[in-house]
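When you get a sec, could you build the whole thing from the sequences and use the hints?
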Amino acid sequence: MEEYDLILRSKKGDLESFNQLVEKYQRLVYNLALRMLGQASAAEDASQEAFICAFRGIGRFRGGNFRAWLLRIAANVCRDQLRSMRRHPTTPLDELVSDRQVDRGVQSPEEYALQRELGAEIMNALATLPSEQRLAVILYDIDGLSYEEIAQVMHCSLGTVRSRLSRGRERLRHLLAQRVELSRKEFRLKE
Amino acid sequence: MFKRKTCHKVRRLLSPYLDQRLSLLERVFVEGHLAGCALCGSELESLRATVDLLHRVPMVSVPRSFAVAAMEPKRRVVSFALLSTATAIAVSVLAFFFVGDAFNLFESSVVEEGLKGAAPLPVPTPTPPPPVVFDAEMVGAQATSRWPVWQIETALIGVVVVLAAVTLILWRRRRRARDVRVGST
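Protein chains in written order, with this note's numbering: chain A, 56 to 246; chain B, 87 to 271.
The hints are simulated quantities; they were obtained by calculation from the structure and are not laboratory data. Cβ coordinates follow ideal geometry from the N, Cα and C atoms, glycine included. You can trust all of the hints, since none of them are fake.
Quick list of the computed label-pair ranges, beta carbon to beta carbon:
1) Glu203(A) with Arg259(B): 25 to 33 Å
2) Lys66(A) with Ala181(B): 35 to 43 Å
3) Leu256(B) with Gly118(A): 27 to 35 Å
4) Val252(B) with Gln233(A): 54 to 62 Å
5) Gly214(A) with Val114(B): 16 to 24 Å
6) Ser212(A) with His141(B): 23 to 31 Å
7) Arg259(B) with Ala182(A): 25 to 33 Å
8) Gly68(A) with Ala181(B): 38 to 46 Å
9) Ser186(A) with Arg142(B): 17 to 25 Å
10) Lys66(A) with Arg259(B): 22 to 30 Å
This is the structure in structure tokens:
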């Protein structure tokens with residue numbers, strides 16, 4: 056069934072149709088939450104809450120980009136979680152990116168290990184960014200949204216998206232300087 | 087000094103330059119500067135490598151399904167409805183007291199002495215008797231109240247203010263939560 060039809064049915068309270076939408080977007084929402092919060096258990100909670108909020112509020116969705124609307128809810132839930140985590144800091148018991156979670160695809164063990172290491176390193180660097188810059192970087196560079204979609208998700212102007220993304224990347228460039236240098240050398244060798 | 091300022095300006099534009107989100111004028115400005123500034127060129131390459139790294143971040147699979155189960159109605163709605171009803175009732179009672187007070191509904195009958203001062207009517211008389219005019223101040227001064235109206239009104243005003251404030255806070259919080267969580271597009 057088309058996404059449009061699923062949304063219409065969900066608006067009428069059809070939970071089954073809504074759960075088909077959940078199926079389609081849960082990976083995206085969970086990955087956003089994981090990168091925003093840095094803890095698997097918190098990301099699980101945030102994703103579930105985001106979908107519950109979305110189901111309760113789907114009547115107010117007035118058409119347009121459903122993915123951006125859903126990610127906006129997820130981003131807001133993550134902001135709430137971050138605020139509460141700041142108020143009640145806890146030591147995470149779970150790994151950021153565990154073995155069973157990373158998509159292996161068709162990689163060699165070496166490539167897989169490198170991917171995991173890179174993922175963990177970037178997650179650590181992302182965690183040091185202010186939440187708005189982090190969100191802009193995740194949405195554009197990792198999730199592949201357009202500037203326009205990000206403006207919808209973050210409820211801000213395109214100029215603000217541009218500036219947040221620029222500052223976030225600049226900060227990451229400094230934090231990942233060593234890794235970036237290696238990557239540049241790799242790139243030159245390939246050339 | 088001038089060059090450093092230009093470099094600073096160009097570096098702020100490097101990220102949107104990579105994404106091809108600059109206007110034609112900005113792009114010409116950045117490309118013109120990059121052609122003659124090795125340092126900014128190196129910054130651009132470094133930024134490109136960072137972005138390339140970010141693109142290679144692996145996606146993580148979901149640990150479980152986030153399908154939504156059938157939900158119970160929210161509890162907060164009931165408490166908010168109760169509170170707003172209580173506020174409305176308190177406002178109505180207060181309005182009733184004000185109106186009653188304005189029309190002297192809560193006062194005992196007018197003291198007869200207040201009317202005794204009127205001139206005696208001549209008997210028989212061809213002319214109609216002069217109309218009796220109530221002196222409001224005099225009547226007010228001599229009337230006695232059966233209810234402690236002012237105390238009740240003051241207490242009611244307090245109750246209304248508190249209830250209205252709590253209802254308003256709750257309403258704003260609910261609206262903010264709705265706007266924040268479920269932004270409309």
